[in-house]
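A.B. asks: Each chain is listed here by its residues.
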Amino acid sequence: MRPQGPWAERRSARGMVLHADIDAFFASVEQLLHPRLAGRPVVVGAGVVASCSYEARRRGLHAGMPIREARELCPGAVVLAGDRHVYASFAAKVFSALESFAPGLETHLDEAYFSLDGLGIPQGGLEAFGRSVRAEVARRSGLSVTVGIGPGKMAAKIAGKTVKPGGVRAVDRDGLFEMMTAMPVEVIPGVGRVTRRILADFNVRTVGALRAIGRDSLRAVFGARGPRLFDLCRGLDEAACESGGIPACISRETSFHVPASDPAEIEGMLFYLCERAAAEARRLSLSASVVSVKIRYSDLRGDEKRAALRGPTQRDDVVFETALSLLHALHRRRAGLRLVGAALSGLAGDRGTDQLDFFSGGTASRRDSLYRALDEIRGRHGHKAVVAGRSLALLGILEQDGHGFVLRTPCLTK
Amino acid sequence: MQVEKTDEPVKVRADFSEGGGISPILLKRGARVYKVERVNGRWEDREGLYRIFCFSLTVDSGDVFQVAFRPGEACWKLTCVAFPG
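Residue numbers (the working numbering), protein chains in the order written: chain A, 1 to 414; chain B, 1 to 85.
Since the hints were derived computationally from the structure, they do not count as laboratory data. There's no promise every hint is true.
Said to hold, decoys possible - Think about it this way: if two alpha-carbon atoms lie no more than 30 Å apart in a straight line, the pair counts; the simulated BS3-like pairs of lysine-lysine are:
| # | chain 1 | residue 1 | chain 2 | residue 2 |
| --- | --- | --- | --- | --- |
| 1 | B | Lys-77 | A | Lys-384 |
| 2 | A | Lys-384 | B | Lys-35 |
| 3 | A | Lys-294 | B | Lys-35 |
| 4 | A | Lys-93 | A | Lys-164 |
| 5 | A | Lys-384 | B | Lys-11 |
| 6 | A | Lys-294 | A | Lys-384 |
| 7 | B | Lys-11 | B | Lys-28 |
| 8 | B | Lys-5 | B | Lys-35 |
| 9 | B | Lys-5 | B | Lys-28 |
| 10 | A | Lys-164 | B | Lys-11 |
| 11 | A | Lys-161 | A | Lys-93 |
| 12 | B | Lys-5 | B | Lys-77 |
| 13 | B | Lys-11 | A | Lys-294 |
| 14 | B | Lys-77 | B | Lys-11 |
| 15 | B | Lys-77 | B | Lys-28 |
| 16 | A | Lys-294 | A | Lys-305 |
| 17 | A | Lys-93 | A | Lys-384 |
| 18 | B | Lys-35 | B | Lys-77 |
| 19 | A | Lys-157 | A | Lys-93 |
| 20 | B | Lys-11 | B | Lys-35 |
| 21 | B | Lys-11 | A | Lys-93 |
Said to hold, decoys possible - Some chain B residues flagged as far from chain A (calculated, every beta-carbon gap over 12 Å):
| # | residue |
| --- | --- |
| 22 | Lys-35 |
| 23 | Thr-58 |
| 24 | Val-64 |
| 25 | Ala-74 |
| 26 | Cys-75 |
| 27 | Pro-84 |
Predicted model only: the values in this text are computed from it and were never measured. Beta carbons are placed, not taken as given, at the ideal position from N, Cα and C, and that holds for glycine.
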């Protein structure tokens with residue numbers, strides 16, 4: 001018997017992926033919560049623009065731009081500091097609406113992918129399906145998303161880019177090939193500033209021009225990445241949607257309200273960030289092998305260093321010990337710091353406890369128990385229930401709420 | 001637009017529906033009572049295990065109030081006020 005309902009037409013959507021991107025995420029949430037901001041240029045961020053509304057983008061503002069410059073370009077813009085907990089809650093609403101269509105969502109900060117494998121193509125075709133996804137997200141969250149559908153994650157994302165904001169577009173493999181031809185090389189995932197510059201030296205600026213370069217030549221220039229570039233510029237993308245996969249890194253960073261030069265404050269902040277990153281690793285049952293520290297001086301010059309840990313760990317003290325030595329190696333100038341960050345990478349599934357040190361006399365397992373106990377207390381009563389270690393230095397400098405210290409720019413993107 | 005953060009206890013009259021939905025109707029701040037014209041948005045926050053229900057409300061004065069309801073303590077707090085300026 002033929003299936004009935006919206007999925008009656010059972011042509012396969014095998015290999016097709018849907019990408020949903022929340023339009024101007026943080027700024028849209030602010031416009032939703034403050035109806036007076038609708039239609040006005042809205043900027044969210046402190047120090048630099050984290051997100052801005054389309055009204056602001058039309059005046060040349062963009063993410064990453066210093067707020068001072070944004071104010072000069074658009075004096076009428078409403079600048080808000082933002083609240084990442086509110087945004088996280090709205091992102092969860094959007095993802096929950098998307099999950100009602102298909103399980104196994106791959107989620108990022110303001111975008112998600114899901115595979116249409118096994119769903120079949122609904123009556124009305126893929127774009128009609130995309131419109132129903134869009135409508136459901138708007139109904140549940142009040143936010144607008146752009147939906148792209150294509151043969152692979154890259155295709156779906158590129159399809160959506162052509163109809164932002166608030167559009168829906170589906171492309172097949174041939175359509176994607178044609179659509180990408182005139183696009184700049186940056187539309188290809190993994191092509192950033194450096195790759196773009198190298199390609200520009202070969203007078204390659206568009207995807208179409210990139211296709212003229214052979215696989216071996218790309219391998220000679222870009223190494224192992226070359227053949228992937230060769231495939232991607234032809235629209236061949238085998239990357240699967242990953243739900244609940246191991247993240248590449250867990251990072252925490254913030255800027256200071258005023259440039260910090262007191263070692264106790266800087267080290268206290270680094271301890272707090274390491275503590276939050278390690279707690280997240282424990283929550284995800286992951287251990288890290290590498291820690292990196294990033295700083296930015298008050299004159300905006302910055303530097304970053306990474307080091308391997310003695311072994312995979314998820315312990316605050318082990319992470320902090322290495323992070324602190326990296327900070328000392330990095331912070332050589334007398335200028336105050338505007339930003340500090342810590343990141344854990346080389347993440348792998350947790351084996352339960354850290355490798356025991358023969359000479360530690362059981363310290364390692366006691367520490368493990370301590371951190372798990374702290375996680376439990378904070379999970380029950382909020383992070384501010386226990387302020388530990390060097391982050392005590394932040395008391396009196398920073399306010400606290402139920403989530404911990406209120407940071408100036410608590411890496412809204414993490 | 002001016003936005004002021006606050007942490008002020010307020011009284012709120014609200015509808016609690018069977019499905020767990022909460023809809024604020026009136027808000028009393030000091031001696032003044034505001035009628036809720038529109039719920040602009042609602043979201044959930046957490047403090048440890050405890051859920052906090054947050055609302056953005058446009059009231060009859062035209063101001064936008066953000067309020068938070070803590071079911072554990074059965075109390076409402078005004079967390080943010082936005083007004084023209």
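A.B. asks: If you check each hint against the structure, which ones fail?
C.D. replies: 2, 3, 10, 13, 23, 24, 27
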